[in-house]
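If you read the protein sequences in the order shown, they are chains L and R. Here the first sequence is numbered in the numbering used here, starting from 15 and rising by one per residue. Here the second sequence is numbered in the numbering used here, starting from 8 and rising by one per residue.
Among these hints, one or two may not hold up.
Chain L is nowhere near these chain R residues, computed Cβ spacing over 10 Å in every case [as the list claims (entries may be wrong)]: (1) L10; (2) H47; (3) V58; (4) R78; (5) S93; (6) L131; (7) T132; (8) Q141.
To spell it out: a stretch of chain L is covered by chain R in this simulated footprint if at least three of its residues, at any positions, have a beta carbon under 8 Å from a beta carbon of chain R; those stretches are [unchecked claim]: (9) 91-105; (10) 116-126.
Per label pair, the in silico range of CB-to-CB distance [claimed, not checked]: (11) L:A76 - R:A112: 37 to 47 Å; (12) R:S54 - L:D119: 40 to 50 Å; (13) R:S82 - L:V123: 51 to 61 Å; (14) R:M120 - L:K18: 23 to 33 Å; (15) R:M120 - L:A93: 34 to 44 Å.
The hints are simulated quantities; they were obtained by calculation from the structure and are not laboratory data. Bear in mind that the values here come from a model prediction, so they are computed numbers and not experimental data. For each residue, glycine too, the CB sits at the ideal point set by N, CA and C.
Spelled out from the first residue to the last, the chains are:
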Amino acid sequence: MRIKLTSIMVDDQEKALRFYTNLLGFERKHDIPAGEYRWITVVSPEGPDDLELSLEPNANPAGKTFQQALFAQGIPATAFESSQIDAECARLKEKGVVFTREPMDAGPVRMAIFSDTCGNLIQLHQKKG
Amino acid sequence: MLLRDHVRIRLCQARDMLASVDLPMHVDDLAREVNMSPFHFIRQFQSVFGVTPHQFRIASRLEHAKLLLARGTYSVTDVCMEVGFSSLGSFSALFAQRVGESPSAYRRRMHAMVSVPGRIPAVLTPGCLSLLAQLPPDAFSSFREASPSRL
Numbered sequence: 015m016r017i018k019l020t021s022i023m024v025d026d027q028e029k030a031l032r033f034y035t036n037l038l039g040f041e042r043k044h045d046i047p048a049g050e051y052r053w054i055t056v057v058s059p060e061g062p063d064d065l066e067l068s069l070e071p072n073a074n075p076a077g078k079t080f081q082q083a084l085f086a087q088g089i090p091a092t093a094f095e096s097s098q099i100d101a102e103c104a105r106l107k108e109k110g111v112v113f114t115r116e117p118m119d120a121g122p123v124r125m126a127i128f129s130d131t132c133g134n135l136i137q138l139h140q141k142k143g
Numbered sequence: 008m009l010l011r012d013h014v015r016i017r018l019c020q021a022r023d024m025l026a027s028v029d030l031p032m033h034v035d036d037l038a039r040e041v042n043m044s045p046f047h048f049i050r051q052f053q054s055v056f057g058v059t060p061h062q063f064r065i066a067s068r069l070e071h072a073k074l075l076l077a078r079g080t081y082s083v084t085d086v087c088m089e090v091g092f093s094s095l096g097s098f099s100a101l102f103a104q105r106v107g108e109s110p111s112a113y114r115r116r117m118h119a120m121v122s123v124p125g126r127i128p129a130v131l132t133p134g135c136l137s138l139l140a141q142l143p144p145d146a147f148s149s150f151r152e153a154s155p156s157r158l
């Protein structure tokens, strides 16, 4: 048994695909029509055979309520790791990404938080040392 | 851009008001409600949520319309009015453009799937795994894997 797939709810799959590929730099792994929606997954170019991230529509009212509450409370929906967090954040800010936390030291990691424009806050972190 | 906590909370309040069909506020009034100038409000909202307040409101209304249509207890005209559109023609045209079929066709198709009255059909609550389950058995082997150049 292994962990191969995780998901994040997004308010618009096409908008999310643009953000997660064009801005974050992930690569589209699957993009298959599934009824009114699409089965979309992205992977990191630094680990294309690692975990796939599914961009899941937030059309379920229960899911949307949870997603909106997390955002309002300032809680990230998920986290990604970076090996160069300061440079990564500078690059994203240059492209217009909005941060709610600038890169800061937090215990064993350095972390920052930004909006993915699809209803989520995303934490980026780098292990220290 | 760094978004301060109090601004994020105000934007979330505005987002919730935009999604409410009971509070059809003008964007200028909404900006005033969250203590921002209209220009600053629209710019901040779009930076954080990826769409303008107007686009967000239209999308929310259409999502609400889909749920009401699927329940089958409202006519298309009733749904149009209920979600805040004043013109049936513009509602139907916009719905068809975004959803891919007319409100009446959508209502017929969705209502046929409702097995328990009052319950939202599963097709309207798609999740990561339910979408995966809808794919044909050979989906991953037969479907051309996407390349970034298609974006």
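Hints and how they fare:
1. L10: Given a closest Cβ separation of 5 Å, the condition is violated.
2. H47: holds, 14 Å
3. V58: violated, 8 Å
4. R78: Non-interface label on R78 (chain R) holds, nearest chain L Cβ at 13 Å vs cutoff 10 Å.
5. S93: The claim stands: S93 (chain R) keeps its Cβ more than 10 Å from every Cβ of chain L (closest is about 25 Å).
6. L131: violated, 6 Å
7. T132: Violated, because the least Cβ-Cβ distance between T132 (chain R) and chain L comes to about 4 Å, which does not exceed 10 Å.
8. Q141: Since the minimum Cβ distance to chain L is about 5 Å, Q141 (chain R) lies within 10 Å and the statement is violated.
9. 91-105: Our answer is that it is violated, as 0 residues pass the Cβ test (under 8 Å) against chain R, missing three.
10. 116-126: violated (count 1)
11. L:A76 - R:A112: 37 to 47 Å: violated, 27 Å
12. R:S54 - L:D119: 40 to 50 Å: violated, 26 Å
13. R:S82 - L:V123: 51 to 61 Å: holds, 55 Å
14. R:M120 - L:K18: 23 to 33 Å: Holds, at about 31 Å.
15. R:M120 - L:A93: 34 to 44 Å: holds, 37 Å
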